[in-house]
Each structure stands twice: as structure tokens, then as C-alpha cells.
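Novice: Taken in order, the sequence shown gives residues 1 to 341; the numbers are from this note's numbering.
Because the hints were derived from the structure by calculation, they are not lab data.
In the DSS-like style, the derived pairs of lysine-lysine whose C-alpha atoms are separated by at most 25 Å in a straight line are: (1) Lys172 <-> Lys265; (2) Lys302 <-> Lys104; (3) Lys104 <-> Lys77; (4) Lys325 <-> Lys76; (5) Lys104 <-> Lys325; (6) Lys43 <-> Lys325; (7) Lys43 <-> Lys76; (8) Lys71 <-> Lys43; (9) Lys104 <-> Lys43; (10) Lys76 <-> Lys332; (11) Lys332 <-> Lys104.
Values in this document were obtained by computation on a predicted structure and should not be read as measured data.
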Amino acid sequence: MERLTTDLDRDSSASPSYVAQASAGVCSDDTPIVFNINTGAIKIQDWALQHRQQVLELLQRHGAVLLRGLKVNSSKKFSEVLTNLFDSELLEYRYRSTPRTGMKGNVYTATEYSCDEVIQQHNENAYSDSWPDYLGFLCLIEPEQGGRTPICDSREIYRQLPREIVSAFEEKGVMYVRNYGDVDLPWQEVFQTTEKQDVEAYCQAHSLRFIWLPGDRLRTIQVNPAVQIHPQTQERIWFNQAHLFHVSSFAQAEQDALLQSYGEKGLPRNAYFGDGSPIPLEYLQQIRQTYERNLRSFDWQKNDLLLLDNLKFTHGREPFVGNRKILVGMVKPSADLNRTN
1 MERLTTDLDR DSSASPSYVA QASAGVCSDD TPIVFNINTG AIKIQDWALQ HRQQVLELLQ
61 RHGAVLLRGL KVNSSKKFSE VLTNLFDSEL LEYRYRSTPR TGMKGNVYTA TEYSCDEVIQ
121 QHNENAYSDS WPDYLGFLCL IEPEQGGRTP ICDSREIYRQ LPREIVSAFE EKGVMYVRNY
181 GDVDLPWQEV FQTTEKQDVE AYCQAHSLRF IWLPGDRLRT IQVNPAVQIH PQTQERIWFN
241 QAHLFHVSSF AQAEQDALLQ SYGEKGLPRN AYFGDGSPIP LEYLQQIRQT YERNLRSFDW
301 QKNDLLLLDN LKFTHGREPF VGNRKILVGM VKPSADLNRT N
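Taking the hints into account, I'd like the entire structure generated from these sequences.
Specialist: Right, dumping it as C-alpha cells:
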């Protein structure tokens with residue numbers, strides 16, 4: 001356990017404690033870096049405002065920061081803390097990929113998949129042409145068992161993948177195909193509207209091809225870069241959800257059932273190279289294996305606040321037992337940084 005030298009909260013009425021430590025038994029490089037914080041009599045919203053610069057510097061340096069002891073115990077306080085830390089209103093979650101419940105202040109529940117499911121590593125909204133720069137995760141109820149939120153350094157994924165795979169993705173990008181309804185989210189939920197003209201306006205503004213199908217169904221197609229350049233460090237970042245959208249992300253029995261029911265064109269979601277050619281399964285397997293080798297995780301504690309640079313770090317979810325309530329807030333949209341394809 002390494003003690004950090006820091007002047008955070010120097011003027012607090014209580015003597016604060018800041019301890020950086022690696023996640024026990026999981027990571028060896030202090031990721032995420034952990035701070036135990038005592039704000040004393042200062043309101044947490046005011047603490048966030050006073051220490052914005054120091055927290056952002058830590059986040060820019062490390063990419064993943066876990067704050068413990070802030071006692072952020074409601075969605076309202078969570079929204080206010082993130083707004084004060086980032087000097088930015090939280091983003092609305094539109095063009096959705098997973099089911100969530102919205103709360104006040106553009107705070108949302110974490111993805112509401114069954115507790116026995118694994119959520120694979122992903123950068124938030126990497127399937128879109130715009131995404132949050134930063135994410136905040138708040139633990140309101142810690143699970144009895146499991147339920148970690150593993151994270152992974154996207155820069156390491158780019159560095160460790162075979163050059164053959166990286167070159168193919170950099171050259172071609174990724175095509176994301178979605179068919180809405182049936183087993184996936186309906187378009188009304190994804191686009192947060194019941195009006196087709198609103199959907200069409202969004203698609204036109206975000207380079208999304210759209211096709212209305214019989215039965216009030218919708219298909220969208222979008223091609224995005226597979227790699228981004230970090231605006232602050234100029235590092236190349238593996239930033240796509242090809243491995244998550246591709247039908248091979250399902251177990252074989254589920255793949256077979258989906259293909260039999262909908263055919264390849266009608267799959268709820270799928271991924272191709274940007275030119276429409278298939279992505280080799282061995283490429284996708286190596287991508288998933290590279291994520292697995294680089295996972296970092298920690299056990300949630302009530303009121304934990306995890307801050308992530310959404311370009312530098314992916315996140316996911318382990319299965320869990322018992323109740324688990326994690327909230328998420330997204331800040332500072334980025335417009336398609338330094339296109340690489």
C-alpha cells in the first residue's frame with residue numbers, strides 16, 4: 001500500500017486520508033488508483049467544486065480514479081458532484097444500446113441485464129460518432145458477491161493486438177448494423193421518441209443510414225473508425241465495439257437460434273469491417289482474449305465513485321449475487337476525434 005503525497009483537502013476541517021493502492025490480488029499497476037477521502041464538515045458538492053483541478057489532473061494522469069468516503073448517497077448528489085467536478089452538465093443517454101432507467105439530472109442505472117450475465121469490455125458509445133469523454137459510476141448498493149466492474153486500458157489493447165488485426169481495422173473501420181425490436185431494444189427506446197421524423201433527423205445528423213422495414217421496424221447502418229487518437233496525449237486508442245456487436249459474442253446455441261430466426265441481415269445487431277466484408281472470427285477471438293489478459297477490477301463498496309477516461313479505459317460487469325445498484329453519469333461529448341479511416 002503506497003501513500004500518496006497530495007495537498008487535496010488541505011483546508012478541510014477534518015484531517016483527510018488519501019491512500020493509493022492496487023486492487024488486491026488483481027492488478028499490480030495501481031489501476032484504478034484509489035483515494036480514501038474524509039471531507040469533514042464540507043458538503044460533498046462543495047468539495048468537488050474546490051478540488052476539481054486536482055481530481056481532473058489525477059484522472060488525466062491515471063485514466064481511472066476511485067474515490068472512497070465521499071458519501072454520495074443519492075442520484076441528485078451524484079449529478080451535482082459530477083457537474084461540479086467536470087464543470088459540465090451530464091449528457092442525455094440517446095441512441096441507446098442497452099436498457100437503463102433514467103433518473104433526475106441525466107443520471108442512469110447501469111445496464112439492466114440479468115445478474116447472471118457478463119457484460120463484455122467496451123468504451124461507452126464507441127459504436128456512435130459521438131461519445132462521453134468521461135464516465136462516473138456510483139455504488140449505492142454493493143452486491144453480496146461478484147458484480148465487479150472490470151476495466152481495461154484501451155491503449156494496451158492497441159499495443160498488444162497483432163499488427164495484422166490492427167492494420168485491418170485501421171484501414172477499414174467497423175460497420176455496425178442494428179435491427180430494432182423483437183429481442184433487442186425497440187427504436188422508440190433507442191432514440192427516445194415515437195416520431196419517425198425525429199429518428200430520421202437524428203440519423204441524418206449522425207451519419208447513420210436508416211431503412212424503414214415492414215411492420216414499423218427499423219434498420220440502421222453506421223461506419224466508424226476502429227481506432228481513435230487521444231486528444232490530450234495523442235496516443236492511439238483501440239476504440240470500437242466490434243467484438244461486442246458481432247453475433248459471435250453470443251454462445252453458440254444462441255448464435256444458431258438467432259440466425260435461424262432472423263437470418264444474418266435481420267440479426268438484432270452485428271458488426272462487419274467498414275467496407276461490409278466479414279470480420280474473421282479469429283480476429284474477434286484475439287480481441288476478446290486481449291481484453292481478458294488486461295482486466296483490472298476491485299470490490300465495490302457503498303458510496304464508491306469511480307471516474308474513467310472513456311477513451312483510455314473500457315468497462316464491463318461481472319455476474320453477481322444479491323442486490324446491486326450502480327448509477328452512471330456521462331459528461332463532455334466528443335465529436336469524432338481525429339478520424340483515422
